[in-house]
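What follows is the residue order along each chain.
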Amino acid sequence: MYVFRLCCIAIITAVSAFILKSHKSELVPLCLTAGGIIIFLYVFDYLTQSVEFIKKFTQGTGIDNEIIRTIFKIMGIGFMVELTASSVKELGFDGVADKLVLCGKIILFVVSIPILSSTYNIIVSLINLV
Amino acid sequence: MLLIVILVAFCGITAAAENEEEKDGKDEIYDNITTLLEGLDLSELQKYLDENGDSYLLNFGSTAKDIVEYLIEGNLTTDYNGYLNELFSIIFKNVIALIPAFAAVTALGLLSAVMTAAEGSIIGKSTSKIVHLACYSLIILIVASMLVKIVGGCTECILNIKRQIEIITPILATLTVLTGGTSSAAIYQPSAIFLSGGAVEIVSNFIFPATIGVVVMNFMSHLNSQMSFSGVTALIKSIMKWAIGITVTVFSIFITSQSSASSLFDGIIFKATKYFVSNSVPIVGNFLSSGFDMLSSAGLLIKSSVGVCGIILLLFEIIQPIILLVSFSIILKIVGAIVQPIGENSLFGLLSDLSKDIEYFIAGLLTVAFMYALVIMLIINSANSFV
Numbered sequence: 011m012y013v014f015r016l017c018c019i020a021i022i023t024a025v026s027a028f029i030l031k032s033h034k035s036e037l038v039p040l041c042l043t044a045g046g047i048i049i050f051l052y053v054f055d056y057l058t059q060s061v062e063f064i065k066k067f068t069q070g071t072g073i074d075n076e077i078i079r080t081i082f083k084i085m086g087i088g089f090m091v092e093l094t095a096s097s098v099k100e101l102g103f104d105g106v107a108d109k110l111v112l113c114g115k116i117i118l119f120v121v122s123i124p125i126l127s128s129t130y131n132i133i134v135s136l137i138n139l140v
Numbered sequence: 004m005l006l007i008v009i010l011v012a013f014c015g016i017t018a019a020a021e022n023e024e025e026k027d028g029k030d031e032i033y034d035n036i037t038t039l040l041e042g043l044d045l046s047e048l049q050k051y052l053d054e055n056g057d058s059y060l061l062n063f064g065s066t067a068k069d070i071v072e073y074l075i076e077g078n079l080t081t082d083y084n085g086y087l088n089e090l091f092s093i094i095f096k097n098v099i100a101l102i103p104a105f106a107a108v109t110a111l112g113l114l115s116a117v118m119t120a121a122e123g124s125i126i127g128k129s130t131s132k133i134v135h136l137a138c139y140s141l142i143i144l145i146v147a148s149m150l151v152k153i154v155g156g157c158t159e160c161i162l163n164i165k166r167q168i169e170i171i172t173p174i175l176a177t178l179t180v181l182t183g184g185t186s187s188a189a190i191y192q193p194s195a196i197f198l199s200g201g202a203v204e205i206v207s208n209f210i211f212p213a214t215i216g217v218v219v220m221n222f223m224s225h226l227n228s229q230m231s232f233s234g235v236t237a238l239i240k241s242i243m244k245w246a247i248g249i250t251v252t253v254f255s256i257f258i259t260s261q262s263s264a265s266s267l268f269d270g271i272i273f274k275a276t277k278y279f280v281s282n283s284v285p286i287v288g289n290f291l292s293s294g295f296d297m298l299s300s301a302g303l304l305i306k307s308s309v310g311v312c313g314i315i316l317l318l319f320e321i322i323q324p325i326i327l328l329v330s331f332s333i334i335l336k337i338v339g340a341i342v343q344p345i346g347e348n349s350l351f352g353l354l355s356d357l358s359k360d361i362e363y364f365i366a367g368l369l370t371v372a373f374m375y376a377l378v379i380m381l382i383i384n385s386a387n388s389f390v
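Protein chains in written order, with our numbering: chain G, 11 to 140; chain V, 4 to 390.
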């Protein structure tokens, strides 16, 4: 059902953009951006179920659940920033889009630090075993 | 008629006398066994059993002496149900616990594949790289946290085997001397020292750390494709192969050739002593010679029983880490096979390399176990031929 709705939203967005193109072409980028946001909101809602699934499985390994949440945060930030940047680019503001991507990368790096530090700690404990 | 009655009566008397003689011989051997067992120092074995309350040997008796006595009577039956239950308990307790973590690794692999699919069209390459780095870090974190537990178990297993060697071999060497294997004992004791001091140290201080080094370098190589350690890891693996091969070959050749030579020498000395006692001591010479045989037979029975105890302890010590390592390696290969078709070649490389590296832990454990089992088998079989 999710996929069906998703496809419907995509078709409606495309048809609306096509109609707007001949009557009010300046509204086309806005229409496409709105459609893209709605599609991704649907997908993120679907993704929360996967978070619970992975969280449940990693409980036995002794890894902090916060780290599992972080990986989804990272993916979410990546998608959001890139999509927004492409929408902003479509509106004709390339400079703003580039700045957004750069800021997004900085945020991604900062959010990744707990995972990287946990990986470092586990490798150190592996080395300390012998 | 009278003749038949006399013949039947005579046969009956002879059979009864033979039975009586057999019973007397059995009783004498049991008396000798009891006397020898009372004098034998099994305190270290008892201490080890007390510390390991879940040892399978405790199914045969509550004390070390009881267990040795139980095994002397040949009660080690082929209880396949008991062995299978022990095997299944290991599989269900430890191996099944690995599966959820690997399910999480597979799910993360799928997420990473989604990211790869979006690369270029929806997401920029540099952003995708950062997300991939985070995904791979998390996968390495999950796999390494399991590996830490397994390698910890392996190190503990090696230390326990070392302790078992230090407990069992002196008892076996004492019993070898008792059964006339003086020069055999002189060989087995240094070989046991080499085994516990040398081979165990080679495995625990070289093979295991080197394998961990290889695993860590593989992790680094897959986290950053620009950083490659393939040459170094190949070199370390090659050195490890040679070290294991040389250790096993040198030790096996040394101990088997030495033991066969010393066994022959001991046999000649034993027979010469018996001949000397039976011929040089007047009247009771033959009696003393037979008593010598009885005492040696009792010693051999105890030696075999203690050896079997050592083998059982070794088997139940090694089976758990080996099953865990083999399962871990197989599960890594399965997950690799799942993620490769969805486009995660790098993750497949990481998992399959790790699966191959794990085999060095298995090789290290099996080397120590093989060498220890060889020493026990040779000690059990020494002096058997000349009594």
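FYI, nobody ran anything at the bench for these hints, they're computed from the structure. All C-beta atoms in this analysis are idealised placements derived from N, C-alpha and C, irrespective of residue type, glycine included. It is possible that some hints are incorrect.
Stated by the list, open to error - Pair ranges (Cβ atoms, derived):
(1) V:Leu90 <-> G:Ile22: 57 to 63 Å
(2) V:Pro173 <-> G:Ile137: 15 to 21 Å
(3) V:Leu318 <-> G:Lys66: 49 to 55 Å
(4) V:Ile102 <-> G:Phe54: 27 to 33 Å
Now the hints, each set against the structure:
Range check, Leu90 (chain V) to Ile22 (chain G): Cβ separation about 60 Å, and the 57 to 63 Å hint holds. Look at Pro173 (chain V) against Ile137 (chain G): about 35 Å separates their beta carbons, and that is not inside 15 to 21 Å. At roughly 36 Å, the beta-carbon separation of Leu318 (chain V) and Lys66 (chain G) lies outside the given 49 to 55 Å, and the hint is violated. At about 28 Å, the CB distance of Ile102 (chain V) to Phe54 (chain G) agrees with the hint of 27 to 33 Å.
Going through the hint list in order, the structure does not satisfy hints 2, 3.
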